[in-house]
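Colleague: Residues per chain, in single letters:
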Amino acid sequence: KQEVTQIPAALSVPEGENLVLNCSFTDSAIYNLQWFRQDPGKGLTSLLLIQSSQREQTSGRLNASLDKSSGRSTLYIAASQPGDSATYLCAVNQGAQKLVFGQGTRLTINP
Amino acid sequence: SAVISQKPSRDICQRGTSLTIQCQVDSQVTMMFWYRQQPGQSLTLIATANQGSEATYESGFVIDKFPISRPNLTFSTLTVSNMSPEDSSIYLCSASGTVNTEAFFGQGTRLTVV
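Just so you know, the protein sequences line up as chains A and B, in that order.
Mapping to the numbering used here: the first sequence position 23 is 23, numbers consecutive.
Mapping to the numbering used here: the second sequence position 25 is 25, numbers consecutive.
Next comes chain A alone, as it looks inside the complex (with noise of 0.2 Å):
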C-alpha cells in the first residue's frame, strides 16, 4: 500500500528565504506526482505536476523536483513572501488518476 511522507509537518521562516519541502513515498510505480497548496477551509490549487518521466518542474518561484527511483520528490520556493504562507500537500498518481496524499506541510512566512 502506497505511503505518502512529507517532512517537516510545520514550517516557519522569515519572509526572504528559500526554503524547500520534502515528500516521499513507498511505492516508486507511479504515473505522476502533483503539488498542492491548501489555504485554511479552502479547496486545493495545483501548483506542479510532474510526469514519471520528468526529473523537475518549474512555475515562476516554484520548482519541483521528482526522483522515482529513490521515492522523493522536493518543492523549492524561492524569494518567500507572506502571501506563500498555506499548507502543501503532494499527491502520487498511481493509476486510473487516484491520488494518494501526504499529510502536509504547514508553512508560515513571517514579514
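Honestly, the hints are just simulated from the structure, not real lab data.
Hints should not be assumed to be uniformly reliable.
Pairs of lysine to any residue residues, derived as SDA-like cross-links and limited to a Cα-Cα distance of at most 25 Å, are as follows [said to hold, decoys possible]: (1) 98/A with 38/B; (2) 98/A with 39/B; (3) 42/A with 113/B; (4) 42/A with 87/B; (5) 7/B with 7/A; (6) 42/A with 107/B; (7) 42/A with 87/A; (8) 98/A with 66/B; (9) 42/A with 7/A; (10) 98/A with 101/B; (11) 98/A with 56/B; (12) 98/A with 81/B; (13) 1/A with 72/A; (14) 98/A with 16/B; (15) 65/B with 53/B; (16) 1/A with 39/B; (17) 42/A with 12/A; (18) 65/B with 39/B; (19) 98/A with 14/B; (20) 98/A with 62/B; (21) 98/A with 79/B.
Note that this is a predicted model, so its numbers are computed, not measured.
Position chain B relative to chain A; hints supplied.
Modeller: This is chain B only, laid out in the frame that chain A set:
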C-alpha cells in the same frame, strides 16, 4: 485547466439526516472523484464517479452511506446519508481531463454534523 464549483460551501446538519453536495465543472471532463478530508487529516479518496454507471468505491466506503451520481460529463453529486458527528469533514470534488493529467479540485464543502 478546469474550474470546479461545489455547493453548498458549508452546512451544519442534524445527525440522522442526509446532505447532497453538488459538483459542477466548467468543461467536459473524463474523470471525476470525491475525496474526504477529516479534521487535521489529509485527503482520502471516497470513490470515482463514473458517467452513466455506478461509482467505484474505495475500501472503507460503501454506496449506501455515500451514494454518488454522475448523469453527464460535467456534473456529479455526493450524498452523505444518515449522518453522524464522525462524518464532519471537508468533502472535495476533483476532475481530470484524462488519465495522467493534472487534477483540479473544487473549493470543498465543510460539513458539521451535530
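Colleague: Each hint: holds or not?
Modeller: Each hint tested on the structure:
Taken as a hint, the residue 98/A and residue 38/B pair is honoured in the structure, with Cα atoms around 18 Å apart against an allowance of 25 Å. Between residue 98/A and residue 39/B, the direct Cα distance comes to roughly 21 Å. Compliance with the 25 Å bound is thereby established for this hinted pair. Among the hinted pairs, residue 42/A with residue 113/B is consistent with the structure: their alpha-carbon atoms are about 19 Å apart, no more than 25 Å. For the suggested pair residue 42/A and residue 87/B, the alpha carbons sit about 18 Å apart, so the restraint of at most 25 Å is met.
The suggested pairing of residue 7/B with residue 7/A is violated, with an alpha-carbon distance near 33 Å, which exceeds 25 Å. For the hint pairing residue 42/A with residue 107/B, the CA-to-CA distance comes to about 5 Å; that is within 25 Å, so the pair holds. Taking the CA atoms of residue 42/A and residue 87/A, the gap is near 10 Å; set against the 25 Å cutoff, the hint holds. Among the hinted pairs, residue 98/A with residue 66/B is consistent with the structure: their alpha-carbon atoms are about 18 Å apart, no more than 25 Å.
At most 25 Å may separate the alpha-carbon atoms for a hinted pair to count; residue 42/A and residue 7/A meet this at roughly 22 Å. Distance restraint check for residue 98/A and residue 101/B: the Cα-Cα separation of roughly 11 Å lies within the 25 Å cut-off, and the hinted pair is therefore satisfied. For the hint linking residue 98/A to residue 56/B, the alpha-carbon distance of about 11 Å falls within 25 Å, and the restraint holds. Using a Cα cut-off of 25 Å, the hinted pair residue 98/A and residue 81/B holds, with the two alpha carbons roughly 24 Å apart.
Restraint check: the Cα-Cα separation between residue 1/A and residue 72/A comes to about 16 Å, which is no more than 25 Å; the hinted pair holds. Simply put, residue 98/A and residue 16/B have alpha-carbon atoms about 30 Å apart, too far for the 25 Å limit, and the pair is violated. About 17 Å separates the Cα atoms of residue 65/B and residue 53/B, which keeps this hinted pair within 25 Å; it holds. Only pairs whose Cα atoms come within 25 Å are accepted, and residue 1/A paired with residue 39/B is accepted, the gap being roughly 23 Å.
Simply put, residue 42/A and residue 12/A have alpha-carbon atoms about 21 Å apart, close enough for the 25 Å limit, and the pair holds. Taking the CA atoms of residue 65/B and residue 39/B, the gap is near 19 Å; set against the 25 Å cutoff, the hint holds. Restraint check for residue 98/A and residue 14/B: the C-alpha separation of about 32 Å exceeds 25 Å, so the hint is violated. Straight-line distance between C-alpha atoms of residue 98/A and residue 62/B comes to about 17 Å, which keeps the hinted pair within the 25 Å bound.
About 20 Å separates the Cα atoms of residue 98/A and residue 79/B, which keeps this hinted pair within 25 Å; it holds.
Comparing the model with each numbered hint stated earlier shows that hints 5, 14 and 19 do not hold.
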